[in-house]
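Here is what each chain is made of, one letter per residue.
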Amino acid sequence: MNLTLKVWRQPDTNSEGNFETYKANDVSEDMSFLEMLDTVNENLIEDGVEPVAFDHDCREGICGMCSLFINGRPHGPLHGVTTCQLHMRSFKDGDEIVIEPWRANAFPVIKDLVVDRTSFERIQQAGAYISVNTGAAGDANQIPVPKNDADESFAAATCIGCGACVAACKNSSAMLFVGAKVSQFALLPQGQPEREKRVLAMVNQMDEEGFGACTNTGACSAECPKEIPLSVITRLNREYLRASLTSKD
Amino acid sequence: MSNFAKTFSSSLGKKLVMALTGIFLCTFLIVHLIGNLQLFKDDAGQAFNAYAYFMTHFTPIKVVSYLLYASIIIHALYALMITSANKKARPVAYAMQASNQNSAWTSRNMGILGTILFIFIVVHMGDFWWKYHNAELPYARYEISLDNPNDIQVSEVPYDANRLVHSEIVDPQAGKKIIISKDLYKVVQNAFQTWWYVLLYVIAMFALAFHLVHGFKSAFQTIGWNNNRYIPLVRFIGVWVFGLLIPIAFAAMPVYFFLFK
Ligand code: SF4
Ligand code: FES
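Residue numbers (this note's numbering), protein chains in the order written: chain A, 935 to 1183; chain B, 28 to 288.
Hints are computed from structural coordinates only; laboratory data are not their basis. Check before you lean on any hint, since a few could be wrong.
Restricting the straight-line Cα-Cα distance to at most 25 Å, the calculated cross-link-like pairs of lysine-lysine (DSS-like) are [said to hold, decoys possible]: (1) A/Lys1131 / B/Lys213; (2) A/Lys1081 / A/Lys957; (3) B/Lys115 / A/Lys1045; (4) B/Lys68 / B/Lys204; (5) A/Lys1045 / B/Lys114; (6) B/Lys41 / A/Lys1104; (7) A/Lys940 / A/Lys1104; (8) B/Lys213 / B/Lys158; (9) A/Lys1182 / B/Lys41; (10) B/Lys204 / A/Lys1131.
With the rest of the complex left out, here is chain A:
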């Protein structure tokens, strides 16, 4: 199939960006979206044009590095799929595809389609950890964990930190991400010692990074490649309120 791509180009954070139009010809429907971009880049290199910069690493939907806002949606048109797992069979011959970077104050563009997501790292560093004693490993299953809690915690922990939730949200809110990270610990006994401190610190960092506030549109969860449910935001709200009322420091 033959496609027309409108791609955001921006040399660096401080420069103005603009859209460039490129042709992608003879695209196989078995290619992944990123492979399609690879071939476009090869042609650009042959033509002596700077290739389009975009993020990727594992290309199997687990690392959270790939991004791309494709035709108005993060990770493209499919549900529960990262950009690297999106295949060209989701498009048809003659399509025009608009490709933009995540757009948020807290995700500044580094180059073209690559954005700086270290704001997520700083939120994680603020509280997404637990204390573990060193020494001999304890017995597995020594601490009872209800099955439901374990399942919910695990589901929350599947968040890969890609930032699609922020990209999709009209408020650039990071609450689905932070909700997932807070939930995964709040549900488990191992997460209890830092429970209050964690949520207060992470929310504080989230605000400092300049993410917006949730208005419960649900766009984040609808676009999340790991289908993190909106209920993690409810839990975040609850944990925050609880911590504000009960925290000892």
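Guided by the hints, dock chain B with the ligands onto chain A, whose structure is given.
Relative to chain A, chain B with the ligands alone:
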């Protein structure tokens, strides 16, 4: 900053303020609606005028009404604060955004709906609340037969600064109860004779419906309440009671007066 101030100035805390004031405003709607049902009584407005007097002169209700005015203002101010911060969170807009693929229209347009409602509240209070408190309204004099409470004679009494807003005397000899009250009912009746004014009310009630379809359940989400057992109930009430029943009942009032009074 104290812990308390810190909580309420955070993004989550501001949302909490929106949720709590919003739920309070929702409960007020129920009270307001039940009271206004007096408008449908066929008694020349006697019950409605008595209700208006009660609402403005019974101290506990007066206290609640000041809380209510404060809630409206706080809800609007916090909405402005949150919206402006949210706008700043995305300095460069997307060229293409398929928002309708991932979220409901109502949820993305609470600001527009809220603005319509705010304008409506100002107009509405100017027309009824302000007039009732400050305008030189005439009085309605009701003579109600003690034997048959449905036998009501009504006449107009001109404005008199010295007259009480509402007075009641029973005259056993004449077999009558005489009630004289400031005639807000007449104001309502006159207001809803103009078609565009009725239309304004109906449009505002559409805005209310859409605002609450998202707002009611959203408030519970923000408070952190997502118990699987109760959330379906919250959603049901949000859609059927606050999204349909209440706005329709309110909209029925101006329409009823326009068509039948
Ligand atoms: S919550 Fe979903 S969309 Fe957001 S960072 Fe995690 S995986 Fe990505
Ligand atoms: S490249 Fe790792 S998730 Fe897409």
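Right, here's what the structure says about each hint:
With a C-alpha separation of about 60 Å, the suggested pairing of A/Lys1131 with B/Lys213 is violated against the 25 Å cut-off. For a cut-off of 25 Å, the pair hint linking A/Lys1081 to A/Lys957 is broken: about 52 Å separates their Cα positions. Straight-line distance between C-alpha atoms of B/Lys115 and A/Lys1045 comes to about 21 Å, which keeps the hinted pair within the 25 Å bound. Note on B/Lys68 and B/Lys204: the hinted pairing holds, with a Cα-Cα distance of about 18 Å set against a maximum of 25 Å.
Taking the CA atoms of A/Lys1045 and B/Lys114, the gap is about 23 Å. The hint holds against a cut of 25 Å. A distance of roughly 17 Å separates the Cα atoms of B/Lys41 and A/Lys1104; the hinted pair therefore holds under the 25 Å criterion. Simply put, A/Lys940 and A/Lys1104 have alpha-carbon atoms about 22 Å apart, close enough for the 25 Å limit, and the pair holds. This hinted pair checks out: B/Lys213 and B/Lys158 have alpha carbons roughly 12 Å apart, not beyond 25 Å.
As the CA atoms of A/Lys1182 and B/Lys41 are separated by approximately 22 Å, the hinted pair is consistent with the 25 Å bound. Only pairs whose Cα atoms come within 25 Å are accepted, and B/Lys204 paired with A/Lys1131 is rejected, the gap being roughly 67 Å.
Hints 1, 2 and 10 from the earlier list are contradicted by this structure; the remaining hints agree with it.
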